[in-house]
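Novice: Listed below are the residues making up each chain.
Number of protein chains: 2
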Amino acid sequence: MDQLKELNDRIIRRVNVNLEEFDFDTESFVNNSLEYDKMLKFYAFYGITSKHSIYFHFRNSNIAGSYFLGQCYVGRSAIYKSDIRGDELKRKGDNIRYIKNVPLVEDERITIRDSLLYKTLVHSNSHNLESPEEFSIQNTISAHYVNIHGSDLQGCFLGPFATVDLMNLHSCIVGEFSYVQAGELFHRKIDPGTVWIRNVNFEFKYKFKNDILDNYVGVNSSHQPRGLIYDFVKEREQDYEKLFDVMNLDPIKAPANSAVSRYAVVNGKAQIGENVLVAQRAFLENAAMGDGSNAQENSYIIDSNLAGNCITAHGGKIIHSNIGLGTFVGFNSFLNGKSHAQIEVGEGCIVMPHTIIDPDALIKIPDEHLVWGFIKSEEDIKTNTIALDDLAEVRDSLSVGKMVFSGKGSVFIETFKKRINQILLANGALFHNGEKRGHAQDDQNISYNIIQPYSTGELKGLYPSIRIKP
Amino acid sequence: MDQLKELNDRIIRRVNVNLEEFDFDTESFVNNSLEYDKMLKFYAFYGITSKHSIYFHFRNSNIAGSYFLGQCYVGRSAIYKSDIRGDELKRKGDNIRYIKNVPLVEDERITIRDSLLYKTLVHSNSHNLESPEEFSIQNTISAHYVNIHGSDLQGCFLGPFATVDLMNLHSCIVGEFSYVQAGELFHRKIDPGTVWIRNVNFEFKYKFKNDILDNYVGVNSSHQPRGLIYDFVKEREQDYEKLFDVMNLDPIKAPANSAVSRYAVVNGKAQIGENVLVAQRAFLENAAMGDGSNAQENSYIIDSNLAGNCITAHGGKIIHSNIGLGTFVGFNSFLNGKSHAQIEVGEGCIVMPHTIIDPDALIKIPDEHLVWGFIKSEEDIKTNTIALDDLAEVRDSLSVGKMVFSGKGSVFIETFKKRINQILLANGALFHNGEKRGHAQDDQNISYNIIQPYSTGELKGLYPSIRIKP
Chain S
525 MDQLKELNDR IIRRVNVNLE EFDFDTESFV NNSLEYDKML KFYAFYGITS KHSIYFHFRN
585 SNIAGSYFLG QCYVGRSAIY KSDIRGDELK RKGDNIRYIK NVPLVEDERI TIRDSLLYKT
645 LVHSNSHNLE SPEEFSIQNT ISAHYVNIHG SDLQGCFLGP FATVDLMNLH SCIVGEFSYV
705 QAGELFHRKI DPGTVWIRNV NFEFKYKFKN DILDNYVGVN SSHQPRGLIY DFVKEREQDY
765 EKLFDVMNLD PIKAPANSAV SRYAVVNGKA QIGENVLVAQ RAFLENAAMG DGSNAQENSY
825 IIDSNLAGNC ITAHGGKIIH SNIGLGTFVG FNSFLNGKSH AQIEVGEGCI VMPHTIIDPD
885 ALIKIPDEHL VWGFIKSEED IKTNTIALDD LAEVRDSLSV GKMVFSGKGS VFIETFKKRI
945 NQILLANGAL FHNGEKRGHA QDDQNISYNI IQPYSTGELK GLYPSIRIKP
Chain X
525 MDQLKELNDR IIRRVNVNLE EFDFDTESFV NNSLEYDKML KFYAFYGITS KHSIYFHFRN
585 SNIAGSYFLG QCYVGRSAIY KSDIRGDELK RKGDNIRYIK NVPLVEDERI TIRDSLLYKT
645 LVHSNSHNLE SPEEFSIQNT ISAHYVNIHG SDLQGCFLGP FATVDLMNLH SCIVGEFSYV
705 QAGELFHRKI DPGTVWIRNV NFEFKYKFKN DILDNYVGVN SSHQPRGLIY DFVKEREQDY
765 EKLFDVMNLD PIKAPANSAV SRYAVVNGKA QIGENVLVAQ RAFLENAAMG DGSNAQENSY
825 IIDSNLAGNC ITAHGGKIIH SNIGLGTFVG FNSFLNGKSH AQIEVGEGCI VMPHTIIDPD
885 ALIKIPDEHL VWGFIKSEED IKTNTIALDD LAEVRDSLSV GKMVFSGKGS VFIETFKKRI
945 NQILLANGAL FHNGEKRGHA QDDQNISYNI IQPYSTGELK GLYPSIRIKP
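Heads up: the protein sequence lines correspond to chains S and X, in order. When you line the first sequence up against my numbering, it's residues 525 to 994, in that order. When you line the second sequence up against my numbering, it's residues 525 to 994, in that order.
Source of the hints: derived by calculation from the structure; they are not laboratory data. Hints are supplied without guarantee of correctness; some may be wrong.
The list cannot tell twin chains apart, which means a pair is met if one copy fits it or any two copies do.
[As the list claims (entries may be wrong)] Cross-link-like lysine to aspartate or glutamate pairs, in silico, EDC-like; alpha carbons within 16 Å at most:
#	residue 1	residue 2
1	Lys733	Asp904
2	Lys906	Glu545
3	Lys614	Glu903
4	Lys624	Asp920
5	Lys565	Asp774
6	Lys575	Glu982
7	Lys900	Asp884
8	Lys888	Asp561
9	Lys960	Glu917
10	Lys733	Asp715
11	Lys960	Asp763
12	Lys862	Asp738
13	Lys616	Glu657
14	Lys926	Asp735
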């Protein structure tokens with residue numbers, strides 16, 4: 525146990541050095557959120573499939589509750605309740621597209637060194653041109669339900685429900701419920717509730733009002749989460765326990781070309797269509813998943829219907845909602861419908877990451893709209909959505925409500941739609957006649973291997989060194 | 525799956541070459557006993573403790589249901605439902621005692637290469653003077669409930685319920701229910717039901733009558749087991765399933781200095797004394813385990829009372845019996861008492877390995893007796909036991925019933941008592957005031973790690989390569 529605490533202390537000190545200029549001390553966050561007892565009781569696991577290239581190599585890390593699916597190397601890390609994927613790592617010869625193609629000279633690996641990640645999802649599909657063969661995370665502390673999606677990090681603190689997407693961060697603080705996809709950032713502090721996409725072609729920016737955000741996701745003085753969204757996930761936490769208590773579960777009924785993770789919660793009725801992916805730690809309750817739809821890690825789909833080819837990104841929450849064909853619901857969005865106040869989202873919509881829709885009466889989003897920010901009532905639709913066709917006309921800049929856009933709208937839409945198509949492809953939504961396999965087809969037959977730390981002695985709470993190769 | 529079958533085929537061919545002179549073909553045995561479907565469903569596991577030195581390194585092996593506790597290396601092996609211990613491996617500087625001491629130049633390891641072991645217990649504590657640092661098993665096929673106890677093997681076939689103890693075998697066939705501890709054997713065929721101990725100082729030999737043996741352990745034409753003892757274990761097989769279905773079990777009530785494996789079956793009432801070890805795959809049902817007693821792997825203690833410092837060696841079965849203080853019950857012994865026909869074994873007795881006591885009325889073995897062979901009624905006691913004091917008088921040779929002894933009786937007893945003391949020591953029976961720790965104290969806090977094979981693809985049924993170091 526001492527060595528585990530020592531490891532944590534060292535990471536705290538290292539991250540604190542990086543964040544010194546912000547006068548930010550991560551110690552109280554870590555000490556208040558880490559439950560050492562649970563770190564002994566939880567087991568970690570990794571998946572073995574014939575489809576994912578593996579090179580697991582954990583060192584004295586505590587990786588309680590983790591989930592590894594592709595090549596990996598983890599250093600002296602304490603990764604707690606984390607999901608480390610690696611199923612979209614690029615192979616030798618693949619290209620990272622920037623202005624021109626950058627081909628990989630060897631298979632990409634995830635490397636995590638001396639990091640403390642806490643309740644963190646790390647998803648591969650990185651885009652760092654400087655090290656295309658290595659998806660690296662160095663020494664970073666991240667709070668509850670953070671999404672690290674293809675982002676390289678070094679010495680950062682990520683607040684609860686933050687998402688960093690396809691970028692490189694160095695010595696940054698990202699506030700709670702902020703979504704950032706902004707290339708490369710050094711020594712920056714991102715305010716809570718910021719939704720920010722920036723690249724050479726366009727910029728999209730929205731910031732939640734403090735009083736609204738505070739109602740949904742806030743933090744106390746030691747950066748522990750609170751608020752409606754946190755309460756929502758907290759209330760459902762114990763539903764996951766049964767998944768970890770037993771070795772084998774009866775599989776959920778699904779077509780042969782769809783995958784429902786045995787580590788997903790499925791309550792009530794579930795309709796699983798063709799080419800559907802329900803990832804581990806997804807939560808379904810009376811959910812109809814139309815053909816080609818997916819529910820990614822930490823997403824919740826409750827009393828809702830996804831028409832087909834719908835994407836629920838990591839941490840997306842869809843409650844009492846009807847989602848139209850081909851609609852994308854971004855990271856950590858909170859579509860909080862009620863039985864008396866359903867949410868209807870039309871076809872081909874893009875619900876931006878970290879969008880909150882929380883109506884008191886039926887609310888309808890028309891087809892082919894971009895949706896962002898905070899929508900409480902019908903009239904918020906005017907200030908928080910725009911028809912994609914109207915956005916496509918924008919050539920320079922646009923303000924709608926609190927959202928500011930600059931650049932060419934058509935390029936923004938084209939980029940987004942391209943990414944949506946890539947996500948559908950990667951998840952196996954487009955599988956047909958044996959072609960275009962994706963996670964829905966390849967993640968069905970994962971053998972889960974379970975590892976537990978030393979329960980006594982000097983290394984209590986840590987794992988032995990382990991190397992796994994195909 | 526193809527690669528798994530290919531691996532098995534290769535081992536069959538190799539072992540067959542070794543056993544060619546006996547006109548012995550292992551193929552029908554393997555094909556009739558291996559259930560490929562189960563090899564996919566079963567998981568393997570290994571233990572991590574702060575007390576056992578590990579160097580696990582499995583290669584494309586199927587090690588379904590296995591159990592590793594100390595240093596190991598497993599090659600391209602298919603080890604099915606096996607227990608590989610390694611908790612009594614010697615360390616650098618330890619001595620193997622023969623005529624003079626042979627010190628080890630490095631820590632001992634278990635090596636298993638290209639072997640197919642089936643339902644096999646491999647226990648360390650080897651005594652091979654030629655390779656003191658390596659406990660090696662090469663390419664061997666062993667049938668149900670075989671005990672390989674500190675024995676090096678190469679190209680052998682071991683029949684059901686056979687035990688090979690502290691020896692080296694090369695290209696041998698060991699018949700069902702035979703116990704052999706005979707130094708080094710080349711190209712030998714050991715008849716079924718042989719109990720044979722031979723060394724430079726003495727020899728002990730007993731052979732079960734064929735018609736009696738046939739009732740308890742027999743084999744059919746493809747060497748599959750049948751008989752009363754096989755039926756006995758078969759009937760209880762499903763009791764183990766619950767242990768493998770759940771991740772965590774409520775621990776059995778036991779003193780802090782005793783260990784009851786979470787992979788042991790405990791039915792009915794169980795009284796666990798101080799310094800008791802109940803190993804994995806042991807089976808207790810209404811059992812009272814007196815202080816310092818143990819129930820080793822595959823042992824069964826049912827409606828019985830072990831007074832204290834009693835040893836139940838691997839595969840020992842004690843039913844409706846009262847076992848006196850300090851009594852040793854050897855490998856695979858079958859003490860088949862009934863509620864109307866109890867078995868009482870006195871204090872300080874040595875029940876030889878592979879002894880069968882199967883009374884129809886109360887039977888009493890006096891204190892300090894050596895017990896062997898087959899005892900059905902009170903009068904068999906004359907021909908199948910001897911007072912240790914009487915045996916100690918023997919200076920040349922002795923025949924009692926079908927048992928033939930040669931050598932000095934006192935040396936035989938001294939050697940046996942020394943070993944019993946070593947077993948008690950190793951198992952933690954003599955733990956006192958923090959001194960003389962053993963398995964009862966060190967095996968309490970094992971973290972079990974679970975590995976599963978590829979469930980699809982070319983490697984279906986095999987594992988990825990895995991290396992685990994402290």
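Novice: Please work out whether the CA atoms of Lys862 and Asp738 approach to 16 Å or closer within one copy, between two copies, in both situations, or in neither?
Specialist: neither (21 Å within a copy, 72 Å between copies)
Novice: Is it within, between, both, or neither for Lys616 and Glu657, if the alpha carbons may be no more than 16 Å apart?
Specialist: within (8 Å within a copy, 42 Å between copies)
Novice: First find the shortest C-alpha distance between Lys960 and Glu917 inside one copy, then the shortest across copies, and answer within, between, both or neither for a cut-off of 16 Å.
Specialist: neither (33 Å within a copy, 83 Å between copies)
Novice: My question is about Lys575 and Glu982: at a cut-off of 16 Å on alpha-carbon distance, are they close within one copy, between copies, both, or neither?
Specialist: between (38 Å within a copy, 10 Å between copies)
Novice: Checking Lys614 and Glu903: alpha-carbon separation at most 16 Å within a copy, between copies, both or neither?
Specialist: neither (44 Å within a copy, 78 Å between copies)
Novice: Within a copy, between copies, both or neither: which one fits Lys926 and Asp735 at a CA-CA cutoff of 16 Å?
Specialist: within (15 Å within a copy, 93 Å between copies)
Novice: Treating 16 Å as the Cα threshold, decide for Lys900 and Asp884: within, between, both or neither.
Specialist: Intra 7 Å, inter 83 Å, cutoff 16 Å: intra-copy only.
Novice: For Lys888 and Asp561, with the copy left unspecified, which applies at a CA distance of at most 16 Å: within, between, both, or neither?
Specialist: neither (46 Å within a copy, 52 Å between copies)
Novice: Measure nothing new, just compare the shortest in-copy and cross-copy C-alpha distances for Lys733 and Asp904 to 16 Å and report within, between, both or neither.
Specialist: For Lys733 and Asp904, only the intra-copy Cα distance (14 Å) is at most 16 Å; the inter-copy one is 93 Å.
Novice: Regarding Lys733 and Asp715, is the shortest C-alpha distance of 16 Å or less found within a copy, between copies, in both, or in neither?
Specialist: within (11 Å within a copy, 87 Å between copies)
Novice: With 16 Å as the alpha-carbon cut-off, assign the pair Lys624 and Asp920 to within, between, both or neither.
Specialist: neither (25 Å within a copy, 92 Å between copies)
Novice: Please work out whether the CA atoms of Lys565 and Asp774 approach to 16 Å or closer within one copy, between two copies, in both situations, or in neither?
Specialist: between (24 Å within a copy, 13 Å between copies)
Hints 2, 3, 4, 8, 9, 11 and 12, counting from the list given before, are not met by this structure.
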